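2 protein chains.
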Amino acid sequence: MKLATLKDGTRDGRLVVVSKDLTRCCAADNIAPTLQHALDNWAEIAPKLEVLARDVEHEAVPCERFHERDSHSPLPRAYQWADGSAYINHVELVRKARGAEVPESFYHDPLMYQGGSDGFLPPRGDIPLGDTAWGCDMEGEVAVIVDDVPMGVSAEDAAGHIKLVMLVNDVSLRGVIPGELAKGFGFFQSKPASAFSPVAVTPDELGEAWKDSLVHLPLMVDYNGEPFGRAEVGVDATFNMAQLVAHAAKTRSLCAGSIIGSGTISNRDPDGGAGKPVADGGLGYSCIAEIRMIETIRDGEPTTRFMAPGDTVRVEMRDADNHSIFGAIEQKVVQA
Amino acid sequence: MKLATLKDGTRDGRLVVVSKDLTRCCAADNIAPTLQHALDNWAEIAPKLEVLARDVEHEAVPCERFHERDSHSPLPRAYQWADGSAYINHVELVRKARGAEVPESFYHDPLMYQGGSDGFLPPRGDIPLGDTAWGCDMEGEVAVIVDDVPMGVSAEDAAGHIKLVMLVNDVSLRGVIPGELAKGFGFFQSKPASAFSPVAVTPDELGEAWKDSLVHLPLMVDYNGEPFGRAEVGVDATFNMAQLVAHAAKTRSLCAGSIIGSGTISNRDPDGGAGKPVADGGLGYSCIAEIRMIETIRDGEPTTRFMAPGDTVRVEMRDADNHSIFGAIEQKVVQA
Numbered sequence: 001m002k003l004a005t006l007k008d009g010t011r012d013g014r015l016v017v018v019s020k021d022l023t024r025c026c027a028a029d030n031i032a033p034t035l036q037h038a039l040d041n042w043a044e045i046a047p048k049l050e051v052l053a054r055d056v057e058h059e060a061v062p063c064e065r066f067h068e069r070d071s072h073s074p075l076p077r078a079y080q081w082a083d084g085s086a087y088i089n090h091v092e093l094v095r096k097a098r099g100a101e102v103p104e105s106f107y108h109d110p111l112m113y114q115g116g117s118d119g120f121l122p123p124r125g126d127i128p129l130g131d132t133a134w135g136c137d138m139e140g141e142v143a144v145i146v147d148d149v150p151m152g153v154s155a156e157d158a159a160g161h162i163k164l165v166m167l168v169n170d171v172s173l174r175g176v177i178p179g180e181l182a183k184g185f186g187f188f189q190s191k192p193a194s195a196f197s198p199v200a201v202t203p204d205e206l207g208e209a210w211k212d213s214l215v216h217l218p219l220m221v222d223y224n225g226e227p228f229g230r231a232e233v234g235v236d237a238t239f240n241m242a243q244l245v246a247h248a249a250k251t252r253s254l255c256a257g258s259i260i261g262s263g264t265i266s267n268r269d270p271d272g273g274a275g276k277p278v279a280d281g282g283l284g285y286s287c288i289a290e291i292r293m294i295e296t297i298r299d300g301e302p303t304t305r306f307m308a309p310g311d312t313v314r315v316e317m318r319d320a321d322n323h324s325i326f327g328a329i330e331q332k333v334v335q336a
Numbered sequence: 001m002k003l004a005t006l007k008d009g010t011r012d013g014r015l016v017v018v019s020k021d022l023t024r025c026c027a028a029d030n031i032a033p034t035l036q037h038a039l040d041n042w043a044e045i046a047p048k049l050e051v052l053a054r055d056v057e058h059e060a061v062p063c064e065r066f067h068e069r070d071s072h073s074p075l076p077r078a079y080q081w082a083d084g085s086a087y088i089n090h091v092e093l094v095r096k097a098r099g100a101e102v103p104e105s106f107y108h109d110p111l112m113y114q115g116g117s118d119g120f121l122p123p124r125g126d127i128p129l130g131d132t133a134w135g136c137d138m139e140g141e142v143a144v145i146v147d148d149v150p151m152g153v154s155a156e157d158a159a160g161h162i163k164l165v166m167l168v169n170d171v172s173l174r175g176v177i178p179g180e181l182a183k184g185f186g187f188f189q190s191k192p193a194s195a196f197s198p199v200a201v202t203p204d205e206l207g208e209a210w211k212d213s214l215v216h217l218p219l220m221v222d223y224n225g226e227p228f229g230r231a232e233v234g235v236d237a238t239f240n241m242a243q244l245v246a247h248a249a250k251t252r253s254l255c256a257g258s259i260i261g262s263g264t265i266s267n268r269d270p271d272g273g274a275g276k277p278v279a280d281g282g283l284g285y286s287c288i289a290e291i292r293m294i295e296t297i298r299d300g301e302p303t304t305r306f307m308a309p310g311d312t313v314r315v316e317m318r319d320a321d322n323h324s325i326f327g328a329i330e331q332k333v334v335q336a
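If you read the protein sequences in the order shown, they are chains Z and F. full-length UniProt numbering puts the first residue of the first sequence at 1, with every later residue one more than the last. full-length UniProt numbering puts the first residue of the second sequence at 1, with every later residue one more than the last.
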């Protein structure tokens, strides 16, 4: 099934079940007022939502027209947002651009940071930027929402705790990151509010594209209206989403509604190279930092600038029939 | 006023107003079912809770007996837990023990990490530890809860957004920290669930002890039944709580119910020295790491070990009349 949270002036919005083709939706109020409420009681509530989803599909219940622009992020705020960095190609590029090696441990011990989750941007919400020097960047990623996960869960068992899948634009302030990471406590000011796709879907909605806890489809990232990234999410992932969930739960349990992200999707070229732009026949990039690293490695310095007010980003994923699965994240940077 | 969240089998517990002497409480259900709900609508709800608090004080409403052991953390889960490190003496000791300098920037740019907030331990809840080698430590701190804070708020304005004050034991896994920080993404597995004091209080409850957005009282940390720390919270704070809130809100707004922590309370000796144990007439330490650093600087290696199953920690604060303000955090480490 497909779920969305409509903006209704409240902090947590209104849960609706959305038709597979994203044209219709039906309020789920009488089952669960909010998505967090549904996740808090998933075993009991998911089957009821599934029944409603079938009714929506068959137009057996009164539906309203679904507009992606009316959606908030599926969880407008969450109790946890933990973002991994499963695509080591991205990390290798970062390191290569500054002449550093990737530690061997990175290939078996996932990178993950604790993100701010107290307020996400809507999928069509502007990205407020205080200062262009902060180096605003998008990061196109896949994220999952889990139910309650016990401490010490195995990756194998973690797979069963993945209840919903979404896309995310993990907004990053590249100009703020170096100083912040140098302090040693990780990201904070450098990771402002992220935005998630208009719709969250259960893994079964992905059919055969959901395998080994990964989505086997390309992530479509457009920048200022041009194709920028078409990286395959199922390729070059050093860790799958279940392994990231298990990593997050190693020393503590995770509350239902916790969101775990994949990190920026990033592919090598088929020849093993660092990845060419879409315009040059490559799969492109899911963030600006990556093309800047390519430029740095190639030319000695980056030429593509980070986002400034007026720049737009679009993140979407389509199924084998070219239908949007999650709806599109479409955001514009604005001066805060 | 003083507020607590009673455990009632639900995820977010039941909000009660507690008498100043912590002996009685009255359900606030008809005003706000949970503390998060109250914070979401603070301007409207706080005055109603204040009226109830006055009635509780005058025994003008039916009250039940308040037992600290029945309390959950005031927010059993929160949308944000961001912990600063305002007491640079602590940072100086860490660095000194490993022969490193404190960067000059640390004196004007606060250290802060994004903590996990999806599930806190109750104030009397056991600390589940998977492996003694993880180096379990307590960190006695003060934390505040804010209402909605706009992006870019000044420290001056941030002070007015501080609505509640609590104590916290920020559980830290010292054995996990070095490897995790070396990866560059900050704390994650090394910071499992924290526990907050049984009661959260409005700043006015602290009277003259709340000044310049700091609590001017000692934090009492006992370890295995012995006084371990008596550091003055109002002394040696490089940053006050309002400055930490402003730091957190520099690039994004903060949702009502966000919790901001002070970092481990840590005082220098009056002679400028690194701080003596309580048994030697000093103010002691709010975490084990600190006495280990003193031992390392003095003897070349630490002798006090980290917490193991069976070890207990107690964190409390008393007013000028020796009355407990927030109730006591009392926790035992258990094998997970």
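It is worth saying that the hints were derived from the structure and are not from the lab. The structure displayed is predicted, hence computed values, not measured ones. One thing to keep in mind: the hints can contain errors.
Which copy? The list can't say, so a pair holds if one copy fits it or any two copies do.
As the list claims (entries may be wrong) - In silico EDC-like pairs for lysine to aspartate or glutamate, Cα to Cα no more than 20 Å straight-line: (1) Lys211 to Asp236; (2) Lys183 to Glu104; (3) Lys250 to Asp131; (4) Lys276 to Asp12; (5) Lys48 to Glu68; (6) Lys7 to Asp269; (7) Lys276 to Glu301; (8) Lys183 to Asp299; (9) Lys7 to Asp148; (10) Lys96 to Asp271; (11) Lys20 to Glu316; (12) Lys20 to Asp280; (13) Lys250 to Asp8; (14) Lys250 to Glu180; (15) Lys7 to Glu50; (16) Lys183 to Glu68; (17) Lys250 to Asp126; (18) Lys20 to Glu59.
With identical chains treated as interchangeable, where does the CA-CA distance between Lys20 and Glu59 reach 20 Å or less: within a copy, between copies, both, or neither?
Result: close within a single copy only, 12 Å intra versus 58 Å inter.
Is the C-alpha distance from Lys48 to Glu68 at most 20 Å within one copy, between copies, in both cases, or in neither?
neither (23 Å within a copy, 39 Å between copies)
Homo-oligomer pair classification [Asp271, Lys96; C-alpha up to 20 Å]
within (18 Å within a copy, 49 Å between copies)
Checking Lys211 and Asp236: alpha-carbon separation at most 20 Å within a copy, between copies, both or neither?
within (14 Å within a copy, 54 Å between copies)
Since the copies are identical, ignore which copy is meant and state whether Lys250 and Asp8 lie within 20 Å (CA to CA) inside a copy, between copies, both or neither.
Neither: 37 Å inside a copy, 28 Å across copies.
First find the shortest C-alpha distance between Lys20 and Asp280 inside one copy, then the shortest across copies, and answer within, between, both or neither for a cut-off of 20 Å.
neither (34 Å within a copy, 70 Å between copies)
Alpha-carbon proximity between Lys20 and Glu316, which holds within one copy, between copies, both or neither at 20 Å:
within (15 Å within a copy, 54 Å between copies)
Is it within a copy, between copies, both, or neither that the alpha carbon of Lys250 lies no farther than 20 Å from that of Glu180?
Intra 25 Å, inter 13 Å, cutoff 20 Å: inter-copy only.
Since the copies are identical, ignore which copy is meant and state whether Lys183 and Asp299 lie within 20 Å (CA to CA) inside a copy, between copies, both or neither.
Answer is neither; intra-copy 30 Å and inter-copy 28 Å both fail.
Intra- versus inter-copy proximity for Asp131 and Lys250 (alpha-carbon distance at most 20 Å):
This pair counts as between: shortest inter-copy Cα distance 11 Å, intra-copy 37 Å.
If the cut is 20 Å between Cα atoms, do Lys183 and Glu104 qualify within a copy, between copies, both or neither?
Classified as between: cross-chain Cα gap 11 Å, same-chain 23 Å, threshold 20 Å.
Lys7 and Glu50: within-copy, between-copy, both or neither at 20 Å Cα:
Intra 22 Å, inter 32 Å, cutoff 20 Å: neither.
Checked against the numbered hints above, the structure violates hints 4, 5, 6, 8, 12, 13, 15, 16; every other hint is satisfied.
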